[in-house]
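Visitor: Each chain, letter by letter, is given below.
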Amino acid sequence: MGAPRVLPRLDSDNRFFWTSGADNKLRLMRCQECATFIHPPRPVCRKCLAENVAPEVVAGTGTVDTFTVNHQEWRPGLEVPYVIARVTLDGAPGVYLTTNIVGCGVDEVQIGDRVRVKFEQHGEVYLPVFEKVD
Amino acid sequence: MSAGEAYITGVGQSEIGVKLTRHPLLLTVDAVREALNEAGLTIGQIDAVSTYPGRAAMMPGFSPVGADELIDALGIRATWHAGGMEISSQLGAVVAAAMAVRTGQARHVICFRTVYEAAALARPAEYPPLRRETAEGYSQWLTPFNAISAANWTAQYAMRHVKRYGLTREQLAQIALTDRAHAALNPRALVRKPLTLDEYLSARMISTPLCLYDCDRFTDASTVLIVSAGEALDEVTCAPVRIAAMAGTVERHSWDQAEWMACYPTGADLWKRTDYKPADVDTAQLYDGFSFQALAWLEALGFCEVGDGGRFIEGGQRIALDGELPLNTFGGQIGAGRLHGFGFAHEAVVQLRGKGGARQIPGAPRIAVCASGGGPLATALLLARD
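Order-wise, the sequence lines are chains C and S.
Residues in the first sequence are numbered consecutively from 1, following my numbering.
Residues in the second sequence are numbered consecutively from 1, following my numbering.
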């Protein structure tokens, strides 16, 4: 995409998530008491209210839950079309990531496609985008 | 007329346009005057104000007038007021007002929604556009992936219907076609020209499966609803419309972490709070900032099964003015303009009073449902002409 991406502003809650790709691993916040994944990451479990939460590595593979092909140039220089998808993650029930599916044509993505994370580095931020796996 | 109930009495609306030059406070006053006239009330009888989302300092076109400002500008002595975005959705401001009159906080509440997005975009020196260098809050989970617009987020819900339930473009088109047909009969509507299926099918895509005509667009207008206490109806000259039930349920306040749109639990909860059934509803006025949201509301409110929305509206006859469930008879946001939620309640009251003119539905409608919000935002109101 031509126009630079707008990156997340890092803070103490989200820094681990957005920098996680530095070692090519995807991490999610998880409750250490009841094992619930907490996304967006917060310092308390949304199921049992425990504060004993910590980032954990997850598989980095998943499935396309839904998607759309964006054709609108929302800001100058934005290269279209591109695929926006909502992905479920293996081993992390209840968590969705909104992402891009890259490395294939925009008409090649379907609901149910198996995908794998690929990190796109922008300074200290590693955006988790996904590619189809055959 | 019962004490302890909340009613919508006067309703009013300014002109609806794009790039209007009339001051947004004066557009609001236009709508206030019309609502007061209809109700037979004077401004001195107004004792409360409720709005959504309140003055938005960062996005002045999105909400250029706040409750505080209207109270001060019109010399209202307010015993209660509210304006905020962290509420079920736009019509949440009406829910709040209804609770205020039912608990004795106020007798007559001006509820308003003023939008000035087209004018603000056209006059950037006066209304500087918001520029964010970084994404924060919930937008950090969407914007970095150029999932920038609610069109993108809503399109993903719509795509699930396409793939899971076989929703076709011809079916979805019926929302926009119906809106535009109805807007042609509404003298105030932003777009008065009907839309053909061929035009729809050849329109450019915005975010699949949503095309240009599935989206509302920036509009300048103000809409006012006066919510009155049952105890105060003897002061009112128009036929009051009772708020028979209200709902605004959120399961996860997130555009991407929620399994499904908030309209579904909200629709189910609405019917738990009334003895009326979907079959009693004479007309539905359902949020259509994007066409798919209205289709989802039809399912959520139990007019058809989940997944059957496309087949329910197929051909458009069922949701036409003379159909079994006339939908968005003022043109919805796609036809009448992006009034942002309040237009649906306004039109429900107009229809229940038989004041729709060329767009009035036949018979004497008694029950209307109106709804605002998409994604994680949802409010539904059931209105009754007793």
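Be aware that one or more of the hints could be misleading.
Ranges between beta-carbon positions, derived for each pair [to be verified]:
#: 1; chain 1: C; residue 1: VAL102; chain 2: S; residue 2: ASP198; range: 45 to 55 Å
#: 2; chain 1: C; residue 1: PHE16; chain 2: S; residue 2: GLY84; range: 25 to 35 Å
#: 3; chain 1: S; residue 1: ARG204; chain 2: C; residue 2: GLY2; range: 33 to 43 Å
#: 4; chain 1: S; residue 1: ARG164; chain 2: C; residue 2: ALA35; range: 28 to 38 Å
#: 5; chain 1: S; residue 1: ASP198; chain 2: C; residue 2: THR88; range: 33 to 43 Å
#: 6; chain 1: S; residue 1: GLY315; chain 2: C; residue 2: ARG15; range: 51 to 61 Å
#: 7; chain 1: C; residue 1: VAL57; chain 2: S; residue 2: GLU251; range: 24 to 34 Å
#: 8; chain 1: S; residue 1: GLU133; chain 2: C; residue 2: PRO43; range: 23 to 33 Å
#: 9; chain 1: C; residue 1: VAL102; chain 2: S; residue 2: GLU133; range: 45 to 55 Å
#: 10; chain 1: C; residue 1: VAL57; chain 2: S; residue 2: GLY4; range: 53 to 63 Å
#: 11; chain 1: S; residue 1: ARG204; chain 2: C; residue 2: ARG15; range: 19 to 29 Å
#: 12; chain 1: S; residue 1: GLY44; chain 2: C; residue 2: LEU49; range: 27 to 37 Å
These are computed hints drawn from the structure, not numbers from a lab.
Even glycine gets a Cβ: it sits at the ideal position worked out from N, Cα and C.
Visitor: Now, for every hint given, state plainly whether the structure supports it.
Guide: Okay, the hints, checked on the actual structure:
no.	hint	verdict
1	C:VAL102 / S:ASP198: 45 to 55 Å	violated (35 Å)
2	C:PHE16 / S:GLY84: 25 to 35 Å	holds (32 Å)
3	S:ARG204 / C:GLY2: 33 to 43 Å	violated (19 Å)
4	S:ARG164 / C:ALA35: 28 to 38 Å	holds (29 Å)
5	S:ASP198 / C:THR88: 33 to 43 Å	holds (38 Å)
6	S:GLY315 / C:ARG15: 51 to 61 Å	holds (53 Å)
7	C:VAL57 / S:GLU251: 24 to 34 Å	holds (28 Å)
8	S:GLU133 / C:PRO43: 23 to 33 Å	holds (26 Å)
9	C:VAL102 / S:GLU133: 45 to 55 Å	violated (24 Å)
10	C:VAL57 / S:GLY4: 53 to 63 Å	holds (57 Å)
11	S:ARG204 / C:ARG15: 19 to 29 Å	violated (40 Å)
12	S:GLY44 / C:LEU49: 27 to 37 Å	violated (50 Å)
The earlier numbered hints that this structure contradicts are 1, 3, 9, 11, 12.
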